[in-house]
Amino acid sequence: MQHWKARVEISLKPGHVDPEGETTCQSLRDLTYPVKSVAVSKIYTITLEAEAQADAESQIKEICQRLLANPTKDDFTYQVAEAK
Amino acid sequence: MNLTEVADTVEDSGALRIHIINATENQLQRISSQLKLGLNPTEMKTVQAYFTKQGRNPTDLELQTVGQTWSEHCFHKVFKGTIHTPEGKIRSLLKTYISRVTRELNPPWCISVFEDNAGIIEFNKDYAIAAKVETHNHPSAIEPFGGAATGVGGVIRDVLGVWADPIACTDVLGFGPLDFNHENLPPGVKHPMYLFRGVTAGIGCYGNNMGIPTVNGAIYFDESYVGNVVVYCGCIGFLPKTKYAQNAQKGDILLLAGGRTGRDGIHGVTFASTELTKESEEASRPAVQIANPIEEEKLKRAIIRIRDRSLGSGITDLGGGGLSSAIGEMARRFRCGAHIRLDAVPLRQRGLAPWEIYISESQERMLLLIPPENAKAVLEVFDEEDVEATPIGELTEDGKLKIVSKGVEVANLDITFLFAPPPVERIATYDESQHEDATPPESHDLEKSLVRLLASSDIASREAVVRTYDHEVQGHTVLKPLHGEFGGPNDAAVIKPLDESWRGLVISCGMNPQYGKVATYRMATSAVDEAIRNNTAVGGRRIALLDNFTWGNPEKPDRLGSLVQACKGCYDSAKNFMTPFISGKDSLYNESPLGPITPTLLITAIGIIPDIRNAISLDLKVPGNPVYIVGQTFRELGGSQYFRLKGIRGGSVPEVRFPQAKDIMDTIVEAIDRRLVVACHDISEGGLAVAAAEMAFSGRGGLSLDLKDVPREKTVNRNDLLLFSESNSRLLVEVPEKHAKEFESIVTDVPHASIGRVLKDDNFLVKGLQGRPLVTADTRELLARWNMGSEGGR
Amino acid sequence: MNRDEIRVCILRVAGTNCDRETKTALQDVGMTAEVVHFKQLSTKENLMEYDMLVVPGGFSHGDYVRAGAIWGKKLMATMGKDIRRFMDEGRPILGICNGFQVLIEAGLLPQSQGVSRFPEAALASNSPSGYNCRWVYLRLETANTSIFTKRILKRTLRIPVAHAEGRFLFEGKKADRQLEELINNRQLVFRYCHEDGEYADGKYPINPNGSLYDIAGICSPCGTVFGLMPHPERAYFGWQSPNWTMETGKEPAPYGDGGLLFESAAEYLEKKF
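Chains as they are written, first to last, in my numbering: chain A, 1416 to 1499; chain B, 473 to 1266; chain C, -12 to 260.
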């Protein structure tokens, strides 16, 4: 079995309110930075065992669907590479 | 000097042997600084003498253990040492002033004071209250979220460390002005807004996650807090009296439970015992601790279950100094030695040297003492709660601390030596400067002053912060920090800890750094008065006190002098109020490139209310009811918010006058018990005007006041002085019309007057000494101004 | 069955912290409530010995990933079969605050097409953002099937909320249809409102978290699974109310509004079994 490293990003689907992002944005503007918008997302770095890249990717996809993202509000993207 | 010149390895143990026996004084000092021992020349020489007598050189672990145990943070050398003052020699501040109150009063309801992790007092015949307030200034200045969160975590563990179930938290904070100019920040100092957000988020995170309501607190803003943030975290616990077990003996197992040990928090105590400099940030990064409230929640569950089954014989938390301080304290307490197998300690990362394991301050760890026959049952409980627990050694009868790493002995110290640091002698000088009457010319637009005070940084609503703390979890908060429809500022929190009893406990605090700028003796007496006054206002009595000092470098005689005077103030006022001190904690060396911190004393008061259904809130209740002032007003506006508004320093700080102060508190309690009081509020920052406005806008109606009859010293001959003086021992009381006569018969021996009436409409009216209207405001408008100030922080 | 024969299981995991006051309230209503660690239930003990299941408030597993997500998935993965049977037999399941988040993440609410594999709704970060502890008013939607509200004879209840992730929402494109379905199925139970019962209409702080359609609590189509963000167990006794001292000269009322939910459940169980 090989080790694979996945970088998963969970972000809010477009159109959903992002209160943390908005609050941060306002704070940065209060500090006089010309900030247009702030979006908050969450990044997981996952190391897992799998036979092949495709296998690792399908597991990561399932992990995202099953736990890391709530499809009602979250999008997810991931990249899988061989762990060194 | 390179360390390798004075050290060699101790077989394969991972420890180093440090050659100090033949070292010169200079070399000793370099060893102390290179190993970050924080030991001064006298202390290093004491260590050298000890090992010379042993005929061997110490290991790095032994030196670190001594360094941790003798640190200011662990040993409180300043409070226990000798001080030369202009009035003569003081052998121990603690014994001379603070704990002396308790010793002299010797109340039968004090169960354990100044000896365990938290003070313990009686609640009723079966239950006890544990209380502790910690300082966490230094860690919060470097990393505000983690520093504050671990401050809360630490004080909760102090309460667990006397087998008590945590039922409430408190927090009192001090920050620089939130609008402080970025360009004026010295390097390494973080902006007050950043610190404010981080600290409040950290406090909320820990308490909320653990399900402990944060019920009482305060926030102060002061220029001197720019370089040194003030973070006081308190925790109140509850336990059946019979379950308080600290009776371990030789053969009992030392069980380390909770999170794993890592490199975090190393040298936290020596860091806390030095001044912050611009290098502090980098140098002290390893001293920052990482918080994991869920780990502590599990730990709490397990400990309470072990307590309820009486399976343990002793317990303590791992805080400053980590294992070194916890094991040393336990061995000393039970007059035993301790043998430790360091390899048994579960580690989070590899490559830790033995001394690092032994002094690491990784969070969420507790040390339990377990009789061998109970070990299996205890380990089962921990397993069921998914908490790692590992026997790491046992108590022995030889009086020695022996530590083995990889089969090799790396420490062999006499416990008695460890707890006998060379006495510290320091010099204190008093500030004799006279504070002249700095009264400004009379101001006539008093309504404007009132409105500005309501929105000012120390008085405005704290709603924006308070709502981020869960103050309702556990379902026993009777009087909440924000009261009623309009979120008025209650004087104290009331908790009902037992389902089957109406008896409650009352938590309040008193603090005023503005007074500390002028006179620390009176700051102390005022803080004691304020804490007791707040407690009294809701119906609390049989009060116990906790003291927390945040001061500058005690090695500087003027700082130490003001500390001595504050301690004296603590003694004088607590003795007269007959309120014992039960626990305390100090944070010294709060200095930054901007200078020393304003001396800041926090007094926390824990009282009892026999029946919570008789607790009194501040909001005005029934139109037509008379409102009384109890207590006398003096011309003493030094350190007042009014003077601050006018930009005036100095002046006379409010005094506390005995025996009257105590008579007033007793009288109010009697009136409450006779059910003659429907609303009560203490008069503090902002004086009579602010207190009256708060009562009015917290209720549904209004208030009309007439100043003409307010009991006052002759020199209080101006409306502004009368409205804004912060004289101590004063309260405002709403009394039902039908009880007015009876109330007057009770307060007859203390200064009092009926000075106003509750109105049906939303008017807030004040008539001055000459009969002219001074304030004609709308309570909803005043509420809005008070709430507006709260927005500043978010 | 007699009320004291009703056995309620209050489930807990690491980070659960409202179990004690929930037990106090349930016991006071007259039922027999036990706090049971999830580990015990998934190994030693049997869910089917209980008549009602309560998932209480707290920060289960630290609320890492998303509030309630980890426990929600674990619940279905380790004892999904028991949960389905429990539900099919009409035994009530109540989720309060974090418990509501768990039920949503487990796919046990709203159950428009039965238990769902992925969450059909979300309890997202509050808007405005941050933890918020305050008393709110709830308007009871009379046309609901919940078995937890039958004893509520007034229009509004006063109960506190305390959470950072309570903004109920459906997925953007489908939201309108899902909401309509929720209303038509009589699954909408509580909405945030003003003291007089007028809906909050998204206005802060009347609606404390920005929930879609002011939604505070919903039930399954058959009414036995119910979740809400506010904490009825903290509004159980009269003295817990934030302004009980307003009633001058009187002692606090013996009970607050929260008990009505537990009382309703007890009555349902008494009749049904």
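These are calculated hints, taken from the structure and not from any lab test.
Beta carbons: idealized from backbone N, C-alpha and C, even for Gly.
It is possible that some hints are incorrect.
Some chain B residues judged to face chain C by a derived CB distance under 8 Å, without partners named [stated by the list, open to error]:
#1 Arg563
#2 Ser564
#3 Asn681
#4 Gly734
#5 Arg735
#6 Ile766
#7 Lys770
#8 Asp942
#9 His943
#10 Glu944
#11 Pro969
#12 Leu970
#13 Phe1130
#14 Pro1131
#15 Asp1135
#16 Ser1226
Hint-by-hint comparison with the structure:
1. Because the closest C-beta pair between B:Arg563 and chain C is about 46 Å apart, greater than 8 Å, the hint is violated.
2. Checking B:Ser564 against chain C: minimum C-beta separation of about 41 Å lies over 8 Å; hint violated.
3. For B:Asn681, the shortest C-beta to C-beta distance to chain C is roughly 5 Å, which falls under 8 Å, so the interface hint holds.
4. A distance limit of 8 Å between C-beta atoms decides the matter here; for B:Gly734 the minimum to chain C is near 18 Å, and the interface restraint is violated.
5. About 22 Å separates the beta-carbon of B:Arg735 from the nearest beta-carbon of chain C, more than 8 Å, and the hint is not met.
6. Given the 8 Å rule on beta carbons, the hint for B:Ile766 holds: about 4 Å separates it from the nearest Cβ of chain C.
7. The beta carbon of B:Lys770 is positioned within 8 Å of a beta carbon in chain C (closest approach about 5 Å), and the interface hint is therefore held.
8. With a least beta-carbon distance of about 5 Å to chain C, the hint placing B:Asp942 at the interface is held under the 8 Å criterion.
9. Checking B:His943 against chain C by beta carbon gives a least distance of about 6 Å; that is within 8 Å, so the hint holds.
10. Annotation: interface hint on B:Glu944 holds; nearest CB of chain C at approximately 5 Å, less than 8 Å.
11. Below 8 Å, beta-carbon pairs count as interface contacts, and B:Pro969 has none with chain C, the closest being about 11 Å; its hint is therefore violated.
12. For B:Leu970, the interface hint is violated, the least distance from its beta-carbon to any beta-carbon of chain C being 11 Å, above 8 Å.
13. This hint is violated: B:Phe1130 has a C-beta 31 Å from the nearest C-beta of chain C, more than the 8 Å allowed.
14. For B:Pro1131, the suggested interface contact is broken, since its CB lies about 31 Å from the closest CB of chain C, more than 8 Å.
15. Because the closest C-beta pair between B:Asp1135 and chain C is about 26 Å apart, greater than 8 Å, the hint is violated.
16. A least Cβ separation of about 18 Å between B:Ser1226 and chain C goes past the 8 Å threshold, and the interface hint is therefore violated.
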